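One line per chain: the protein sequences are A and B, in this order.
5 is the number that the numbering used here gives to position 5 of the first sequence; each next residue is one higher, with no gaps.
76 is the number that the numbering used here gives to position 76 of the second sequence; each next residue is one higher, with no gaps.
It is worth saying that the hints were derived from the structure and are not from the lab.
Please note: incorrect hints may appear among the correct ones.
Said to hold, decoys possible - Only part of the chain A face toward chain B is listed, based on derived beta-carbon distances under 8 Å:
hint : residue
1    : R31
2    : K42
3    : K102
4    : G108
Please read these numbers as outputs of a predicted model, since none were measured by experiment.
Glycine included, every Cβ here is placed at the ideal spot set by N, Cα and C.
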Amino acid sequence: EDQVTQSPEALRLQEGESSSLNCSYTVSGLRGLFWYRQDPGKGPEFLFTLYSAGEEKEKERLKATLTKKESFLHITAPKPEDSATYLCAVPRRGAGGTSYGKLTFGQGTILTVHP
Amino acid sequence: DAGITQSPRHKVTETGTPVTLRCHQTENHRYMYWYRQDPGHGLRLIHYSYGVKDTDKGEVSDGYSVSRSKTEDFLLTLESATSSQTSVYFCAIGGQNTDTQYFGPGTRLTVL
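Start from the sequences, fold in the hints, and give me the full structure.
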């Protein structure tokens with residue numbers, strides 16, 4: 001069964017203190033890994049898709065990387081507005097290899113950046 | 001923002017009453033999904049649709065039904081609401097050639 005595990009559950013940083021969030025997965029034949037950001041009271045907002053080991057993507061202070069077993073979301077010099085819950089997800093493999101886009105989500109990491 | 005709206009945004013109802021949540025998209029995406037989000041459980045798939053009148057169950061479908069009579073609308077119905085269905089419900093849409101999903105703003109449902 002596909003599993004996605006995120007760590008830590010919660011992370012508190014001071015403004016400017018860089019760190020990383022981890023997303024580990026057990027899925028055969030990875031067909032992509034997705035990162036989302038979710039603010040309180042809102043729906044998840046798409047950030048990145050990574051498809052193959054070694055791939056990296058950046059957006060402002062965020063950089064996502066992918067290995068064969070895990071993905072990292074690196075946050076460089078974070079600001080208070082980066083505070084949110086960060087979710088990762090992988091597509092499920094259904095019968096005949098068709099996933100119909102169904103995703104398995106991790107529990108998320110709650111990031112708090114203090115000024 | 002992806003053109004996804006959900007209605008109502010908030011609803012309080014009583015146990016045993018029927019409830020219908022609506023998801024409307026303006027992106028003409030083929031795939032649509034209903035999730036619920038609960039503390040300690042994360043996002044869990046309830047039902048999904050891969051075309052008009054084509055729907056299937058997700059991992060937590062008991063007590064829920066869905067309908068999709070046109071591309072832009074995906075309805076989630078709780079036939080007889082229970083307190084365990086108190087949750088935040090999200091609709092998502094997905095593209096033809098990608099598994100990327102875009103989420104709506106959510107509906108907070110409270111069943112008393």
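Checked hints:
| no. | hint | verdict |
| --- | --- | --- |
| 1 | R31 | holds (7 Å) |
| 2 | K42 | holds (6 Å) |
| 3 | K102 | holds (6 Å) |
| 4 | G108 | holds (6 Å) |
When each numbered hint is compared with the structure, no violation occurs for any of them.
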